[in-house]
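Asks: Given next are the chains, with one letter for each unit.
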Amino acid sequence: MADVNERKKLLEIENLKKYFAVKAGFGRKQYVQAVESVSCHIFEGETLGLVGESGCGKTTLGRTIIRLYEPTSGRIVFDGEPIYDSEKKVAVPMLPYRRKMQIIFQDPSASLDPRMTVGEIVGEALDIHGLYKGKTERRERINELLDEVGLNTEHSNRFPHEFSGGQQQRIGIARALAVEPQFIVCDEPISALDVSIQSQVINMLEDLQEQKHLTYLFIAHDISVVRHISNRIGVMYLGSMVEMGESYELCNHPVHPYTKTLLSAVPIPDPVKTRSRQRQLLEGEIPSPINPPSGCRFHTRCPYATERCKQEFPKLREYGPGHYAACHLLEEKGV
Amino acid sequence: MNESKKNLLEVKDLKVSFFTPAGEVKAVDGISYTLGYNEVMGIVGESGSGKSVEAYAVIGLLQNPGKVVGGSITFEGEDLLSYDEEQMRGVRGKDISMIFQNPMTCLNPVYTIGNQLTEALTCHDTSISKEEAWNRAVHMLQLVGINNAEKRMTQYPHEFSGGMRQRAMIAMALIGEPKLLIADEPTTALDVTIQAQILDVMKDIQKRVNTSIIFITHNLGVVAEVCDKVSVMYAGKIVEQGDVNDIFYDPQHPYTKALLASMPRLDEGEHERLIPIEGTPIDLLDPPQGCNFGPRCKECRKICLSKKPPYAETGNGHISACWLHFMEGAKQAGSGEEA
Chain A
1 MADVNERKKL
11 LEIENLKKYF
21 AVKAGFGRKQ
31 YVQAVESVSC
41 HIFEGETLGL
51 VGESGCGKTT
61 LGRTIIRLYE
71 PTSGRIVFDG
81 EPIYDSEKKV
91 AVPMLPYRRK
101 MQIIFQDPSA
111 SLDPRMTVGE
121 IVGEALDIHG
131 LYKGKTERRE
141 RINELLDEVG
151 LNTEHSNRFP
161 HEFSGGQQQR
171 IGIARALAVE
181 PQFIVCDEPI
191 SALDVSIQSQ
201 VINMLEDLQE
211 QKHLTYLFIA
221 HDISVVRHIS
231 NRIGVMYLGS
241 MVEMGESYEL
251 CNHPVHPYTK
261 TLLSAVPIPD
271 PVKTRSRQRQ
281 LLEGEIPSPI
291 NPPSGCRFHT
301 RCPYATERCK
311 QEFPKLREYG
321 PGHYAACHLL
331 EEKGV
Chain B
1001 MNESKKNLLE
1011 VKDLKVSFFT
1021 PAGEVKAVDG
1031 ISYTLGYNEV
1041 MGIVGESGSG
1051 KSVEAYAVIG
1061 LLQNPGKVVG
1071 GSITFEGEDL
1081 LSYDEEQMRG
1091 VRGKDISMIF
1101 QNPMTCLNPV
1111 YTIGNQLTEA
1121 LTCHDTSISK
1131 EEAWNRAVHM
1141 LQLVGINNAE
1151 KRMTQYPHEF
1161 SGGMRQRAMI
1171 AMALIGEPKL
1181 LIADEPTTAL
1191 DVTIQAQILD
1201 VMKDIQKRVN
1211 TSIIFITHNL
1221 GVVAEVCDKV
1231 SVMYAGKIVE
1241 QGDVNDIFYD
1251 PQHPYTKALL
1261 ASMPRLDEGE
1271 HERLIPIEGT
1281 PIDLLDPPQG
1291 CNFGPRCKEC
1301 RKICLSKKPP
1311 YAETGNGHIS
1321 ACWLHFMEGA
1331 KQAGSGEEA
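Going line by line, the protein sequences match chains A and B. For reference, each letter of the first sequence is one residue, going 1 to 335 in the numbering used here. For reference, each letter of the second sequence is one residue, going 1001 to 1339 in the numbering used here.
Rather than coming from a laboratory, the hints here were simulated on the basis of the structure. Each hint should be verified, as a subset may be incorrect.
[Stated by the list, open to error] Pairs of lysine-lysine residues, derived as PhoX-like cross-links and limited to a Cα-Cα distance of at most 20 angstroms, are as follows: (1) K273/A <-> K1302/B; (2) K1015/B <-> K1308/B; (3) K333/A <-> K310/A; (4) K100/A <-> K273/A; (5) K273/A <-> K1257/B.
Chain A on its own, in the form it takes in the complex:
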């Protein structure tokens, strides 16, 4: 892609860290290093997918970017304006930005207040930001939103429990769309849904993106889904970003050893193909993020790890157009 540098970056993060304090007994504190020095950017109008195993920090990263979690350190720039910078001590009030950045949560039944009607849930965001002039306008706006996500306007007086999982997720999407955001973090939006419903929601997210020029950060553990919906994909392991690139390129020519293993583990619904594939299996378990390995976090399980990997934290470097990976070996080989 020649125009990679010309495209507008809607969101940029630099060395973002998020540590959670946990008690270690005797008044001491330890830190779960959930996100460790992640830098990336998201272009306007694209979908960036985030994949990784559970506990790799992808959800934490998504929530830290929109400052639902306060970052430990680093820099977040949204639409040219820094919204967080630990060095310059910038931490802007988020309320105006909540109109621009929204989130769709994983579990639709847990993220909708059971005592509010659908109309109240969707309308609450309109109230907070004062996005209507009178009751009728509010009513119309809610109906319009419900219509956009494929629900009936009569649904606005019902409660969340009266809906199926797929419909509940649509309510969550309508709520996120209410403030007309530019950027939406989709945190495993379809994992809780049935297979036949998943594709309905995926298609709807794609349509909405086209109509409203939305930018998505799409987080999911199902790589096939992420591969389908994303323009670019970032792969995370134990809090750090190990590889990032155009989704077709990354899935077909992964360079980082972890990405290779991860992709080879995904079963393909094609008996001959999937049985003939060579699979690379990882030894051991994911180390604890409380006391992560020194240097490259993957070195304890990497079959190619060297002395240098144990000492030095690898930085993301570009190996092809827009294709980044964090691995010392690649650097040495000069791929």
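Dock chain B against chain A, hints included.
Replies: Only chain B this time, still in chain A's reference frame:
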């Protein structure tokens, strides 16, 4: 089906209903299949399609208000439905065992892994010495790929990671060398890398101890990887059944076709739009008069909404319950009985 090969398990016209205050829910509504020795069958379906209920009926673990209301389950020539609870306990864990979806809720947190593994052996065979049971349990843990098995035996479930707990469950299910293993979504709660390890363990063990497996899942990728034959379930019925290659390369039923088309695949080329299955699964309290999939089917005809379709066979034991097979002049090898 090969007539000379005796079947391990024969399920015929099995019906399971739940009697709820709101009415009778026909969770499993007349399903039939046979499972040969050393064969792996996948049961695919969405949640609520009855795939787990069917398995619970086979192993005799149906909870109130669920009841088997018709059909037969024959295991090695014995009618399992005629067994009382005492007899069933003799079968369960010995000849038929089960792996559950969530290993944390199925392992007892207050007993060590070793304790639970050896119990699975000693409760069926009191002649086994403690030492022998212990040794076999250690060996089993090694087989499923748990390092440091001796030490792990003395640990409690909370000291295991998710993938290891599932392996411990598999070890426990297989320690009695059962003839039939029912795996109910064994990898759904796990990450793909762990899933790959577990699938490898299961394939490997299946070869070593010659177990037949019923593999229940909604992940078609997993089915393609491990199963010999596949039953696709929708709303309590098997809509299509056949050899794994037939199901994936030559699907007959509109539901199977739609399911395959609606899934994003890792090996797809440039961006293709998914073809979703519109609508939602039917309400089992109020099933439609015709084909259960009718209301969501793109090729739905008049007859589909008024009468249940019979099975049509397209060769090699590949059956599919759809009216379309009878309309396009397709050969009608099916027995014509109602599906």
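Asks: Against each hint, give a clear statement of whether it holds in the structure.
Replies: Here is how each hint holds up against the structure:
Proximity of K273/A to K1302/B is assessed by CA-CA distance (about 39 angstroms); at most 20 angstroms being required, the pair is judged violated. With a CA separation close to 16 angstroms, the supplied pair K1015/B and K1308/B stays within the 20 angstroms bound. Taking the CA atoms of K333/A and K310/A, the gap is about 18 angstroms. The hint holds against a cut of 20 angstroms. Our distance criterion of 20 angstroms between C-alpha atoms is broken by K100/A and K273/A, whose separation comes to about 43 angstroms.
Distance restraint check for K273/A and K1257/B: the Cα-Cα separation of roughly 19 angstroms lies within the 20 angstroms cut-off, and the hinted pair is therefore satisfied.
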